[in-house]
Each structure stands twice: as C-alpha cells, then as structure tokens.
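> The lines below spell out each chain.
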Amino acid sequence: MAKWGMVIDLEKCVGCQACTVACGMENNRLPGEMWQDVIFYSEGTYPSAQLKWFPRPCQHCEHPSCMAVCPTGATYKTEDGVVLIDWDKCIGCKYCMIACPYGVRFYTDEKPLVAPDMRKVHESHDEHSWNPPWKMPDAREDWKHGVGIQPHDVVSKCTFCYHRISKAPKGTPDLDPQDPKLREFTPACVVTCAPGARFFGDLSNPESVVSRLIGDKRGVRLLDELGNKPQVYYVTGDGGAVPSTRAFNKKS
Amino acid sequence: MKENIFNPKISRRRFLQAAGAAGAVGAAGIGQLPGFSTIAKAQAKTEAGKSGETVITKSFCHQCPARCGIDVYTTDGRVHAVFGTLDNPLSEGKLCPKGHYGQYLLYDADRFKGPMKRTNPKKGRNEDPKFVPISWDEALDTVAKRMNDLREKNESHRFGLIFGRGWGATDVGVLQSLSKLYGSTNIGLGHSSMCSDGSEETKKILDGNHAYNAYDYANTNYMLVFGAGFLESFRPFTGNMRAWGVMRTKPAKTKVTFVDVHLNTGAASSDRALLIKPGTDGAMALAIAHVLLTENLWDKPFVGNFVDGVNRFKTGETVAAVFTDEDIRNRAQAKEEAAVKKAAADKVAAEKAAVEKAKTEAAHDKLIKAQVLAKGDPAAEKAIAEKIAKFEKEEAKKALSKETDRMQREALDKDKKPEPEIKAGQALFNQKWVLGLPEWWNAVLKDCTPEWAEKITTIPAKIIHDVAREFGTTHPAIAIFERGAHAHTNGTYSGMAIHSLNALVGSMFAEGGLCYQMKPPAGKWPVNLDDFMDDYAKAPERKKPRIDMAKTEKWPMVSNMLQEVAKNHNAAAPYKLDTCMFYMTGPVFSGPDCTAWEKMLNEVFVISTTPFPDETAVFADLVLPDHTYLERLQVADTYPYQGYPISMIRTPAVKPLYDTRVFGDMLIDLGKRIKGSTGEYYKKLGNTENIIKGIASIFAEKPGDNGVNSYETWKEKGVWYQKPYHWRQIRGEFYEWDKATQSYSKPMTQEAVKVNLLKTPSGKFEFKSGYLEEEHHVHYLMEKFGLPAEMIAFPQYLPSKHGGGGDLHFVSPKLAMQAEGRGANLPHVTACVQPTQGGKRTVYLEIHPETAAKRGIKDGDRVRIKSTVGAIEVYARLYEGIRPDTVALPMIHGHWGMGRWSKNSGVSGSTNEVTPNVSDAISGQCCYHDAKVFVEKV
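Line by line, the protein sequences give chains A and B.
If you count the first sequence from 1, position 123 lands on 123 in our numbering, and the numbers rise without skipping.
If you count the second sequence from 1, position 151 lands on 1151 in our numbering, and the numbers rise without skipping.
Calculated directly from the structure, the hints in this document are not laboratory data.
Note that CB positions come from ideal geometry on N, CA and C, so glycine has one too.
Worth double-checking, as some hints may not be accurate.
Label pairs and their computed distance ranges (CB to CB) [to be verified]: (1) 1659(B) <-> 45(A): 30 to 38 Å; (2) 45(A) <-> 1338(B): 54 to 62 Å; (3) 1659(B) <-> 127(A): 30 to 38 Å; (4) 1524(B) <-> 124(A): 46 to 54 Å; (5) 1738(B) <-> 178(A): 52 to 60 Å.
Keeping only pairs whose Cα atoms sit at most 25 Å apart, straight-line, the calculated SDA-like set for lysine to any residue is [said to hold, decoys possible]: (6) 217(A) <-> 1272(B); (7) 167(A) <-> 142(A); (8) 1723(B) <-> 178(A).
Bound conformation, chain A alone:
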C-alpha cells in the first residue's frame, strides 16, 4: 500500500498561488476557504528587507493531532496515508481546528470573507451548503472522503485530491502530471504548478522521486519538533525558506 506524500521545492516556488486557485476550483471551495494556502511573511529593514512564503496544504501527518481529538471518529487516516474527514460523521465541533498545529482546517459556516455571501448567491435547496454552477460532476462527490460540496456544520480540508489519487494504478511510485497516463490521478495543485515546485508520490517506496528528493535535498517538515510527522516535505535549496522558529509568531 502506498503512503502518499508531497514534496514542495521552495527554491522553485514563486508564490503565484496557482495551487490555491486550482485547488479551490477543483474542490469547489468558497472564497477564502483556501485548502492550499500560501503563507507570506516579511522580515528585515529597507533596503534589505525580505519577503518570504511557503505553500501550506494539509500536512497529512503520520500522527495527526486532529484525528486524536475528533469525538466522533469523523477524521480518519486511510490505508494509503491520507487524512480525511467523513462528512457523514462530522458534527462541526471544531476541536480538530484547534488541535491542528498547521491551521489547515476550515469550518463551513464562517462569516463570508468576501460579501455578498456566495452561498446565498448560489443557494442550495438540498443538504449541500451551497450550489455553485461550476461544481464537480455529481458522481465525483464523496462525503465519506470529504470530497465535494460539503453540508452545513462540518469541517473541511485538503484531501490530497483523494478523488484523483485513489484511482491511480496500484504500485505507482510517483504521480507525474507531465505523464499523460498519470495526469488525471495527480492532485490539482501538482498538475498546475508552473515552475514545477510540487512533487507527489509514494513515500514508502525508497525509489520514488519524492523519496529521492527528500534524501538528496535534505527535506524538512514543518514544526517537526511536535512529532506529528507530516507527509508533506519541503526542500529549500538556497532560494526558499520555511519559517524558522523565530518567525512562527509575527507581529500583527
């Protein structure tokens, strides 16, 4: 069984947010409900100030804090290593949102970031929380795996595009979007990333590109000291940066 993971090369990442948008449209997210957020921060003083950023998907931890606190078992980890939410079980208590040290979870019924409320403009008349005309094909919707337009009162998050990766041929070491045979099984953010900063593959396969990248380029994980063991790795080269501990708290 694969253990899916992602490698993000921060030397290539240019902070364009195509991942954010591709994900948002692929997964029918509301404005501001950014499963694939890119976090920006700045440090230093003119004229040598620094502007930095790093993309922050769900880290799909080996030891997910969110899963430990979920009172209903709605958050679970699949056999192939993906952390998902079963919307049929989620009661929207938000404990997971507090427990997650990476801030990657979103509650459906927040006040809209941008008014007027899209959910009112594209109103749903059934159990869905809204009904955008560009929504994914009906057959793709899968609440058990947190895929589709979610109901009210649930928490949502990045699924590693489970509707895509779960259909990949078994034993595939890497999902390379430039390979026409694998493209449709690759997460949307990886498919579109123009500088090629994102890689997706099987971490349990030491021959996979992701494993080799982590090995060769000394992959690091966010907040590694917490022991969550994310399955999202960052490689930094000499260009990009993940925030050092001092930068975790920025002045508001």
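Using the hints, position chain B against chain A.
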C-alpha cells in the same frame, strides 16, 4: 498581540466566539461546555450521483494576452475545470492562478443575459441606466441606423470603435475591415499606448522591430530585470514561471538581478533585489554599459572591436573616430621599440641556450669517458651503458618537446591574423552588427560612471559595478524591461539604455538571448475586401485625423493614443464623436485621469460589448453582450514566446448560456445592415467561422508539428505550431535553420539579416538611431525634450517630469491574481489577491514605516491619496519592502460599476483617479508610474 502565522484565523478567544455565534440555536447556557453548544446533528448519509462522460474541449486562456492552451473539462453540460493543455507550447500542461477562473467567468452571477437598451436618459456614475431587454435585431438596427445616417451626412469618422485586448482575425481583423469599408479612421482605436508601447517603440528605434521580444530563458545564465513583474504580470506568465523552474535549478543556475521600486515576489525570488528611485532605471543601465566598455567586457564578435585591439574606452575620455597621422607615427615607434626589445630578449635566450647545450655536451662527454674507464668490468660496463642509454633517451625527449613547441608555435603563427595595416583616416573601431558605439560613448556614456548613477538612482555604485561585471561575464545574459522602467516621460530613452545592454553582450538572436516572434501562416479570407470598397470609402476625405491624434503632428511617432480620446472629444479638437463602441477595454476606469471619460461618455451614444457589467456599461445606451471565452469560436496568433510561429483556436466548451453573440459575428451582422457594398461584403462573408476556415486552409500545405493540417484537426488540438525559430546569431555570424541538417548552418547575407532581423536603416543594431534622426522626428524631439539635434539619436538619461504635484512617487502594479479586467468582481480573486501584504478583502497601499510615521499613519489606517487630478481612499499597510519615497497600490479595486462583489473593496476609486494623463512624447506610452502624490490620514 502576536498572531500565529499558520493559523491567524483561530485563537482560543476567537474559537469560543465563533463557536458561540454558530451555535445560535442552543445559545451557550451556564454549565454547558462552550464548544459543545454548537454541535449540530450529523449529516444524513448521501449517495453518489451519476454523471455522464467528461468531455475535454481545447481552447486558449483569456485572462491575459499570453494565450496559454487550455483543456476545458465539461460533464453533463457543466464546465467544472480548466487545466493547461499538455501538448501546447505555451502552457505545457501548466497554468498561472488566473487560468483556473474560466468556469467562474462563464457562470458569473452578474453576467448580462442579452442585448439591452437604456431607458434612463440621464447618465452618470450614480444613475441607474434602467436597461430593458431588446432583441438582437432591434439592437443592431439601432446601431446600423446611426452608422448609415452618419455616412449620409459625410460624418462616418464620428463613429468610433475602441478596443483593448484584440485576439486576431475574427475580432481585430473584422473591425479593421469595417473601418475601411464603412470609412472611419476611428474604428479600431487601439489601447497599446495604455499597455506597453514604450517597450515596442524602443525596440523599433534600436533594432527596427516594433514588437515585444521572444526570449530563450531556458538557456540564459543571467537575467537583469528592470521594472517588469517577471513573476506577477510579465507575459507570458505561465511560460515565465515554467522557465523560472528551469533557470533556477539547472546545473549552471541562472543568476537574477531584479530592479524595482518595491519588494514583490519577483524581486524576493531573485539573487539580488535593488530598489531603485522611480523613473531612473535608464541611468543604471547606462552605468552598466559604461562598465562593460571600460572593462573590456563587451561581446567582440557581435559588437566589433578597436582595430588594433587596444581599448580606448576610458572614463571621461572621448574616443577619436579615426586614426591620425600622429597615431600612425606612435604606432610605428611602438613597433620599433617592441622590435628592439624582442631582439634583446632573443639574444639573451640564445646565449642561455648555448650555455645549456655546452652543459649537456660536457655531461655526455663525461659519461663516455667513464665508459672507456669501465671497460673489462662487465658489471660496471652494464651500469654505465644503462646510464648512457637513459641520458640519451631523456635528451631525445627534450628535443622532441622542443620540436613540438616549435611546430605548435608555427601553426599558431600561421592562424594568426596579420597585424592590421592601419592608415591615417581609418576608423578606430570596427563595428560588426552595431552602429554608433564610439559616438554614443563620446556623447553620453563616457561620463555615466556608477558613481554618477548612484546619485540619480540611489543604488550604491559598488553594486552597479558588481552587476555590470556579472552581466558582462555571465553569457548568455538578457536585460528585460517593462512598464516599471518605461511608463515615465523619459521611458523610451530609458528603455533604449536597457535594451542596448542586450546588444553589448551579444544576446540579440543568440542562444539564451532574445529574438522576435514569427507570425504563423494564414490562409485567405473567403471574400476579397478591395472588391467592395465604394467611392465613399475610397474618397480622400476618409483620411481624416483620428480622434486620438495618433500619427498626426501632435503625436507623430506613436501607434495609438487612447488616453487622449476623451480629452480631445471634450475639447472638440479635432472634433467630437457621435457614437462609440467599446470592445475589451474600459478607459473610464483604466485610463489615466479617468474621470475625463465620464464627461465624454455622457455626450456620445455608447455601445458596450462586454459580457459583464462594468463602468462603461453604466454609461451605455446599448449593451450588446459578447460570449464569454469558453463559449467562443475564436482564433489568435501567439503572444511573443520563443520565436517559432504558433496559431491558436478557441472552440466552445458549451453552448452559449444566454442570448449573447461573439463580437466578430456581432460586427459582421452589423456590417450586413450598412447600405451599399459594405452590406454586400458582410453578407458574402457570412460569419467568423468562414474566416477561420479560410485561415486554416493553408495548414493543408503547411502542417503543424502536431499534425494539424485542417480546420477540424486545428479544433481538435487547439493549436498549430512549427518549431524551431528560423534564425540564430552565433559568435557574431547569422545563420538560417537548415532543415536537412537540423541545425543553424546556412550563413545569412547582410541583406537577409536586415530584411528578417535587424530591420533598421543600416541593418545593424543602432546605438545611434537612424529612425530618431529622420528629419521629421528630430525637430519634434528637440522641442519635446529640449535636446540639441546631435543628441537626439542616443540612449540617454533624462530626468522624468513627474505630474501629480505630490511628494511621494505613486506606482500601481498588476498582481499575479489579477484576471484580465475582471478580478475585482471575482470573490475568489479578492480573497487572496495581494498575499504579500495580507490583502484578502481589499488591497493595501504599501507605505514605508518611516514615511507613514511622519504622516501619523499606522498600519491598517484609512488614508487618502491625493494628486492634482483627484483623490481616493484606501487602507495602508506598513512595509519595509518599499522605498521610503514611494507608495504602491495595485491597480484592481475601486470599481463602481462592475458587479455586486466589487463594490465593497475598501478602495474608494480607481488608481487612475489620482494618476495624471501624462505620456512619453516618443512612444505615446501612458506614464502610469510617473505620478507624485500626497498621502494623509483620513
């Protein structure tokens, strides 16, 4: 308060508040755990629906002019995804963030649903047009009647059609045909002066190509970027990002120096970010050129060299044009001195060799003597024989080595070019593919030291020096510039200084350098226009000056002058328009000093063709909505990319959702209603699909690399292309691509280079521009720039004349998320539009903390930006990444007629309400980044 950067939305307190709000039903009572009061019932189990097959339609993106090929995913008649096309040269399967919004625009809740007419006769920003739906027949009859009436009054020039983004034959081509047949020079007033004409004009002046460049980024090793948002807005954005991934991780990593006025993502991603004083980029480029010349770092094969190889580019010293008699005497004297020196050295060497030889002979003699003595003792005899053999072997080796040295030297001498015979009166510098380098040096460059540039640009001289050395020693190197550098009154001259660097390091048409985009082949239209020109259309009176006065005495050198239209109309000079149609442009928001347009739109009959509400439509008398791009059949040539020709086609992913009509067909249907032969022409032409079939007919004889050879296969693939680019400059020689050998190996004549590549009067890259020196330009330029005639032709630094009257430079950059003119009403865009400043509901004015403190402004304060032309209000963001003398506000929000989401943006008006209408006299480039403003706390 400190904020968690991972999760700014959730703090313990906010969690409790949010939980309480969401749990309105139960209301957290005493004794209840606060979190649990919100618990809703688990959702009912759902079953997956059923879906039909997913169809992928080929199209190309519309969110910027780059034209990336896209796959449009449609299932059950619903478009649900857009991704880059894998086998399309521009996207190669990738997209920028904007590309993914296609389906959102298709289903935009604010779209116009069909043709409408205004019923409220009063017009104004706050007047509801009170549109009522009408039929296409009524709409087009109304327009046609106005056009026919104007023609009868001999006033057809008073019908204007203004366009912004034109795609190709099926829109621009059609409007150009209408301009000729109907007889109005004002049909087809382009927006290029409000886009980036400064860039195109610069290239025309220096290398004869009025065009943007195509670049070979993947093979470049150094990139010097002046005021081009390479990783935000410079086009093609997707291509740039793909190239970035290659450039920054190839074994010899491309080094990047980024010159801008604030730290944006491009500057932050580079190796060196230099925050330069706005409008002074040209000075830095000149200083770089100065260093390249004084330090002997220019590319000799392309540029040429001093005839005798002696570099005479010395700071502050002029270079003589020709050798004088004295030069010749000095040369002869130097030669003599050298000969004497050589003779002396030769003598010493010969003496040394003689001593060596004597030593060797003595040693040999000694061994022979020892051999004689050793006779009779076999052991000693053997030992001495071995010694002698070894000695002789070593001597032979030495002799061979000497002989090899001699032969090599002889061979080298044979290849050595003979010392040039220099005569008095001969040019000092032999220019290969450039013109006017010594003259440029003498007139401008000799004093443009890094120290001189530091005083102007505020960039330390040492850094300019470092950049110049890197640029001159890291080949191939490219210098890029865009509006940041040239949207100033000195923009063309600054652009010339920057683009000249590409010639100095030999990057023109070189691998890893830059070239120009080839046009794809196009088959003929089915009907010949010239057969339908009537006497009215042919009459000399039709050659009236355009209302924008482009190509008249007022603006003799420009292509377009859209920013002048409202001003000229309002002043009735040269005349007033009667009716004005708009396609893909909204100068009432995007033009400088944009409120002037409100007056004009109040007076003319306005026809808007946008599928969406916008400020032009607020003033419209008629709305004739176009299809959105996923509904269109439309073609385009590529945006400049890698040089080889590409031709794109959009095919509809779904049937039009509403009663809209694609712009080209709208024009054709309008043309059919014009009396006389114009109507006949358009009836014969039929529709845009016939044009496209005509264009595609040529692919049968010129099939694309991907097998496209017909209209049908073109639609199937979405793109026709033929690799590679046809020409290349290699070490100062030009070659044409040879199909047989698959290499650039057919040498080109000087004439062929002039016709195809360096299209200047001289057929060379002209540091002294023949185009600017043309008589009718010289006098105009002397007047506009106050320069003496002999200075006109050179790249140089002239201080920009900043309008606006304030004390802070004001720039209005474009962001990566900004969809083509529509982003402000896309909540998904607004939600993450300005990530560098945390702009998630609005965009912030970037202001340096010291600058803010002096004005009593704190982070997040509401501030007013004021200039001589107007004022707007925004929120301020304190940022150490911007120059203290500059403020930056992205040009996106502040809309007042665009739709329901654009209204609450937090920006009270367009950046153009504070940007004065000032233009570069040469290119006509609107100086968007040249204004100075006041900023004060509200």
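> State for each hint whether it applies.
So, going through the hints one by one against the coordinates:
1. 1659(B) <-> 45(A): 30 to 38 Å: Given a distance of about 58 Å, which is not inside 30 to 38 Å, the answer is violated.
2. 45(A) <-> 1338(B): 54 to 62 Å: holds (57 Å)
3. 1659(B) <-> 127(A): 30 to 38 Å: holds (34 Å)
4. 1524(B) <-> 124(A): 46 to 54 Å: Once the Cβ atoms are compared, 52 Å apart, the range 46 to 54 Å for residue 124(A) and residue 1524(B) holds.
5. 1738(B) <-> 178(A): 52 to 60 Å: violated (31 Å)
6. 217(A) <-> 1272(B): holds (23 Å)
7. 167(A) <-> 142(A): holds (13 Å)
8. 1723(B) <-> 178(A): holds (20 Å)
Going through the hint list in order, the structure does not satisfy hints 1, 5.
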